[in-house]
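Visitor: Residue strings, one per chain:
There are 2 protein chains.
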Amino acid sequence: METDNATPRWLTEDEQCAWRTHLAVNRLLTYQLEKDLQPFGLTYNDYEILVNLSESESLRMRMSDLATATLQSKSRLSHQITRMENAGLVRRENCESDRRGLYAVLTDEGLATMQKVAPHHVASVRKHYIDLMTPEALATLRATLGPIADHLHAQRGKA
Amino acid sequence: METDNATPRWLTEDEQCAWRTHLAVNRLLTYQLEKDLQPFGLTYNDYEILVNLSESESLRMRMSDLATATLQSKSRLSHQITRMENAGLVRRENCESDRRGLYAVLTDEGLATMQKVAPHHVASVRKHYIDLMTPEALATLRATLGPIADHLHAQRGKA
DNA sequence: ATCCATTGGTTCAGTATTCAACTTTCTAGG
DNA sequence: CCTAGAAAGTTGAATACTGAACCAATGGAT
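Those protein sequence lines, which keep their order, are chains P and H. For the first sequence, my numbering assigns the number 1 to the initial residue and increments by one for each residue that follows. For the second sequence, my numbering assigns the number 1 to the initial residue and increments by one for each residue that follows.
Hints listed in this document are in silico derivations from the structure and should not be mistaken for laboratory results. Do not rely on the hints blindly, as some may be mistaken.
Since the list gives no way to pick one copy over another, a pair counts as held whenever it fits inside one copy or between any two copies.
[What the hints assert, rightly or not] DSBU-like mimics (lysine-lysine), calculated; alpha carbons at most 35 Å apart, straight line:
1) K127 x K35
2) K127 x K116
3) K35 x K116
4) K158 x K116
5) K127 x K74
6) K74 x K35
7) K116 x K74
Using the sequences provided together with the hints, build the complete structure.
Guide: The following block contains the structure:
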């Protein structure tokens with residue numbers, strides 16, 4: 001039984017500030033990346049799918065793997081892929097080894113789009129994030145955030 | 001004129017890894033916080049509105065200030081406040097000094113909700129983020145991210 | 001005083017996301 | 001074999017978000 005009424009450990013001023021900075025960076029960065037992708041008619045979600053597929057063997061991935069990789073629900077991914085299919089970036093293909101399964105496959109057009117957009121996206125990530133830190137700061141950041149990511153990943157399965 | 005066809009500066013392996021960690025932490029953390037708020041019937045957006053209002057003079061804020069503070073569009077905020085109004089957490093009130101304007105005002109119920117939920121939310125932030133770092137790491141993080149936030153804020157106004 | 005460009009906010013239509021229900025196929029246990 | 005679950009995906013209805021169009025009030029200019 002947890003003691004619900006214990007005095008909570010509020011955040012110190014420094015913690016508060018760090019936390020708010022974290023939130024701000026996230027939101028603003030998401031906004032900016034999305035904005036930089038917009039001229040190409042892609043959302044960040046679209047782009048992420050393209051990245052995943054383009055890095056995969058045979059440019060294809062099982063729907064559920066893709067859902068896991070992008071941390072989306074099956075439903076959401078299904079809708080997303082339908083949209084991208086309509087846009088000609090991707091196509092669904094049956095899976096022989098498991099007849100329940102489907103592959104999302106990158107089309108030629110999808111690949112071409114990816115190749116065209118990627119440099120701009122990387123430039124955007126550099127401009128608004130990576131290149132704003134020294135390599136040491138980046139390494140430290142990674143060392144700090146890595147374990148947090150692991151914790152959150154572990155947490156995710158639970159309950 | 002920018003040279004579009006210049007060889008892009010791809011991310012190094014370290015940079016790539018740091019970037020992906022960043023993305024993962026964001027997404028997973030958002031997911032987790034949202035999940036921890038769910039038992040109270042609040043979304044993270046709801047909670048953020050409550051925080052802003054509860055920290056304001058007279059527990060009220062102008063719609064547009066609230067939109068700016070939470071980085072949402074006017075439209076989205078308007079919908080959001082409508083929902084929260086229906087839930088009894090907030091109420092709209094006219095502004096005498098500027099008859100175009102409206103205040104979003106925290107109701108008693110909204111304040112009570114805030115007071116009930118805040119300790120749990122703070123605990124969640126600690127558990128999944130703050131307490132996973134040493135104070136030094138946190139300070140470093142803040143020092144690194146602060147300028148990025150500033151850059152992004154400045155960027156935001158443009159174009 | 002009058003005009004008009006801004007600001008504050010809402011609304012509507014289109015699009016995206018969520019959540020639960022459903023179909024089909026696979027797997028394990030008897 | 002046969003059956004009960006579990007897993008892979010889709011679908012549909014309800015909810016949320018976006019972007020443009022809109023109305024009303026403001027604040028300067030002239």
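Visitor: At most 35 Å between CA atoms: does that hold for K35 and K116 within a copy, between copies, both, or neither?
Guide: within (16 Å within a copy, 37 Å between copies)
Visitor: Given identical chains, is K158 near K116, meaning Cα to Cα at most 35 Å, within a copy, between copies, both, or neither?
Guide: Intra 40 Å, inter 25 Å, cutoff 35 Å: inter-copy only.
Visitor: If the cutoff is 35 Å on CA atoms, where do K127 and K116 land: within, between, both or neither? Let me know, please.
Guide: The answer is within: 18 Å in one copy meets 35 Å, while 41 Å across copies does not.
Visitor: With 35 Å as the alpha-carbon cut-off, assign the pair K127 and K35 to within, between, both or neither.
Guide: both (13 Å within a copy, 33 Å between copies)
Visitor: Is it within, between, both or neither when you check K116 against K74 at 35 Å Cα-Cα?
Guide: Both: 28 Å inside a chain and 34 Å across chains, each within 35 Å.
Visitor: With identical chains treated as interchangeable, where does the CA-CA distance between K127 and K74 reach 35 Å or less: within a copy, between copies, both, or neither?
Guide: Both. Shortest intra-copy (33 Å) and inter-copy (28 Å) distances satisfy the 35 Å Cα cut-off.
Visitor: Treating 35 Å as the Cα threshold, decide for K74 and K35: within, between, both or neither.
Guide: both (26 Å within a copy, 18 Å between copies)
Comparing the model with each numbered hint stated earlier shows that all of them hold.
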